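K.L.:
Next come the chains, spelled out residue by residue.
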Amino acid sequence: MISSYIGLLLLIVFSCWRDWGSLREGGVLSRWAFGSVMVVSFGILIYVTWSPQVFYPTEWLGRVLQPLLPFDHHH
Amino acid sequence: MKITKRQITLLGVLYIGSISYLHTYTLATQAARQHAVISYIISGLICLLSLWLVATTLKRFSDRNLLQALAGRFPIFGRVLLVIYLLFLLFICARDIRIISDFTNTVLLNRTPVPILGLMVTATAVYICQGGIRAFLGLSEIYAPIFIASMFFVVLVLLRDLHPTYLVPYFSMDWTGITEGAWFVFPYQAEILVLPLVISGKYYKAISGYVGLAIGTALMVVLLLLSQMVLGIPLVERLIHPGYELIRQIQITDFIDRFDLLLLGFWYPMALSKIAFDLYVLCYTLQIVVPKLSGRLMTAPAGALAFACSIWFFKNALQLFHFNFVLPLIAITLYLVIPILFFVMLRPRGNKPEPKAG
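Going down the list, the protein sequences come from chains L and B. Mapping the first sequence onto this note's numbering, position 51 (from 1) lands on 105, and the numbers just tick up by one. Mapping the second sequence onto this note's numbering, position 179 (from 1) lands on 175, and the numbers just tick up by one.
Hints were generated in silico from the structure; no laboratory data involved. Errors might be hidden in some of the hints.
Sample of chain B residues with no beta-carbon within 10 Å of chain L, all distances over it, derived [as the list claims (entries may be wrong)]:
1) Ile34
2) Leu82
3) Leu104
4) Leu152
5) Arg156
6) Phe167
7) Ser196
8) Ala313
9) Val333
10) Arg343
So, partial list: chain B residues that the calculated Cβ filter (under 8 Å) puts toward chain L [to be verified]:
11) Tyr166
12) Gly197
13) Gly291
14) Leu293
15) Met294
16) Ala304
17) Phe317
18) His318
19) Phe319
As the structure is a computational prediction, the values presented were derived from the model and not from experiment. Note that the Cβ used here is the ideal one computed from N, Cα and C, for glycine as well.
The shape of chain B in the complex, shown without the other chains (with noise of 0.2 Å):
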């Protein structure tokens, strides 16, 4: 099936931008405070980094993705690599799922206990992941332009609660501080590597990537400028979800009492198509290591891991939200580290054919 570049830049606007303003941005106001957007700059430029590595690497083998050359090339060694990078999908997934659920608890559905939200949201995502990449690529072109306009929406109903003095003063930056804040960051924005990763080189454009990662970025930084104008640095950097309060500041007259409901509605889906793309990623991924298992009968039972390793590897919101602190290091090591190895390793041979993976 045909991908373009739209939607690849649209897969990956779904993919950065919906569960990492739940958690970065109290995390880098902590960190940077009011000089957080040039927490989320830097980390960008790292990001694209590491992008630009696996998109020259990915342009080496035009038929396939970086994970089937990896193991075609080293089958061992790059099978290993790959149950690494495969544990770790498992992690970001579990993660997902615990995020949006405590989320949920938290603010939407209290009463109804985390486990049994975490197994709506995994059986949503199962359903959808079943439906194979055509099922991704029709959801974030239908649900990332229209969440990309309601931010400028939220942005125009927002704009008189606006106090631009909170973030004084402008110039007195603490650079410890906004590295700090571009280490909490990264993670999230580097799963975009995800993209090159599983789309073979014959349609995977790294233009799209760099644009994908551009708007997404740009989405994150509006976001956090505005909670900081609108709800404070102080508050922005105690509150667990500071986007999510600052829309419940949005008030038209009397129009709608929970106006915060239209845009989690808009949001959720975009939510659940991350968690499905983990999934599908994970289950890609487990294909390749190895080849006899069928990716997609294995989707449901990799939904169900995930959502018994989102219960027991967190032992409550707070510790979840503490994590933030480690995994970067271990981010940095897959999403930095492991992308100048296969720049350096995955060279063209020559004129030896490539052998074949799986």
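Okay, chain L solo, but in the shape it has when bound (with noise of 0.2 Å):
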């Protein structure tokens, strides 16, 4: 897992690196938007992996549609 850690945070520095003159131009926004969108993928990388008890939210949205699915799934 470490090798994904390292190789999000490399692709992470190498995009600031190639959008710097657009991060420089682009306002604000933009910058607070790009840094905060960069933490809380590394940040999900790192629940994900770290985390003794995972919520996968396609699992829960699976439990509660169930009811109302128009067929039954028996294969």
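Quick one: dock chain against chain with the hints and give me the complex.
P.N.:
Structure representation (structure tokens):
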């Protein structure tokens, strides 16, 4: 998993370097949005890999929506 | 930049005719067995209806696309709807990244961890996406025709291995199963609706969407029939990637040992382009919701988020596969119910000028 963290961090740094000019001209909102979304993404990766109990949204959604399905899955 | 009808058609073929080969065959065959082809046709007709609804609505706004029209006409409600689409597009992008990563891990690079594969796929998609619509049009013009030509080649080579008797009985149809098969296939075919959402009414011609849908569906149906007639129904309904197992059967004397790798080489860029277009639509929609944000600048963060979500949303490859039972419920709401709402709500206003979007 260390390789995933390093890989994502390297790509984030590379994106920042590549888009540095656009970030400077883009305005405060764009810079904040860029930074926040990157941080949130890294945070999600750490949560999924380190947390002892992970909440999987599609698993939960599957359980919630199962009664509404028109077909009974017996396959 | 002018977009021609042919480019839109090829983009449609690329968009619906790449990832869908991986998951839909097993589900459709489990439900409809040898009549899964009819499921694709029924689902295609429903998608055609949605496409017609959206295209008719788009004709009312010649200078913008549907998302801009929605945000312009209903600033608050429109943006709420766009946020829902945004979340769904994020899900689709994450799902596609995970499907490709799992597939690559299973058949090509067994020892490379899935997150690393996801990272590589996402990075490639981000860089394609940063090329803008021009990059997608270029890729679709190169790879879609090559892929269609390779399908002809696959049919020719596998002709001697076809067993039409695998489809017996031909006319004893289980309509409940066929409808269930259409239920599974619909979310994948209906993704073509993204084209009229993001392409301006000035360039989007309804016929291009219809032809793209028809060609994409025809390719899916051809590969499905080949899989069923070569591998047999019991195998197709149990394999996770029957389309890939089909092309593994291709043998041209002793010429090339892994011919499937060559065909994967033609298909893989299409799959990467599809993910890149998912990202493009995601960033485009984000820019309409928050006009002060630069869509191009948000490509890399959106890619990072989609990658993180691809790891988070799905526990493993099997849970990803099983979510296909529930996904149609969400897809029908967004790809059928909401286009009907668009058709009803976004009517011309007579003499009042249209407010500018964003």
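K.L.:
Could you run down the list of hints and mark each one as holding or not?
P.N.:
A quick look at each hint next to the structure:
For Ile34 (chain B), the requirement that its beta carbon stay farther than 10 Å from each beta carbon of chain L is met, with the minimum near 16 Å. Even its closest Cβ contact with chain L, about 13 Å, leaves Leu82 (chain B) beyond 10 Å, as expected for a residue assigned away from the interface. Non-interface status of Leu104 (chain B) relative to chain L is upheld: no Cβ of that chain comes within 10 Å, the nearest being about 18 Å off. Every CB of chain L is more than 10 Å from the CB of Leu152 (chain B) (nearest about 33 Å), matching its label as outside the interface.
With a minimum CB-CB distance of about 32 Å to chain L, Arg156 (chain B) clears the 10 Å threshold, and the non-interface call stands. With 10 Å as the threshold on Cβ separation, the claim that Phe167 (chain B) sits away from chain L holds: the shortest Cβ distance comes to roughly 23 Å. Annotated as non-interface, Ser196 (chain B) keeps its C-beta farther than 10 Å from every C-beta of chain L; the closest such distance is 24 Å. For Ala313 (chain B), the condition that its CB be more than 10 Å from all CB atoms of chain L holds, with the nearest at approximately 13 Å.
No Cβ of chain L approaches the Cβ of Val333 (chain B) within 10 Å, the least distance being about 14 Å, so the stated non-interface status holds. Every Cβ of chain L is farther than 10 Å from the Cβ of Arg343 (chain B); the closest lies at roughly 31 Å, confirming the non-interface assignment. The interface hint given for Tyr166 (chain B) is broken, as the beta carbon of that residue sits about 22 Å from the closest beta carbon of chain L, more than 8 Å. The beta carbon of Gly197 (chain B) comes no nearer than 28 Å to any beta carbon in chain L, farther than 8 Å, and the hint placing it at the interface is violated.
For the restraint placing Gly291 (chain B) at the interface with chain L, the shortest Cβ-Cβ distance is roughly 10 Å, beyond the 8 Å limit, so the hint is violated. Residue-level restraint check for Leu293 (chain B) holds (minimum Cβ-Cβ distance to chain L is 5 Å; threshold 8 Å). The restraint placing Met294 (chain B) at the interface with chain L holds, with a minimum CB-CB distance near 6 Å, inside the 8 Å limit. At its closest, the beta carbon of Ala304 (chain B) sits 4 Å from a beta carbon of chain L; the interface hint therefore holds under the 8 Å criterion.
Violation of the interface hint for Phe317 (chain B) is found here, the shortest Cβ-Cβ separation to chain L being roughly 11 Å, above the 8 Å cut-off. Against a cut-off of 8 Å between C-beta atoms, the interface hint on His318 (chain B) holds, since the closest Cβ of chain L lies about 7 Å away. Using the Cβ-Cβ criterion of 8 Å, the hint placing Phe319 (chain B) at the interface with chain L is satisfied: the shortest such distance is roughly 5 Å.
Checked against the numbered hints given earlier, this structure breaks hints 11, 12, 13, 17; the rest are met.
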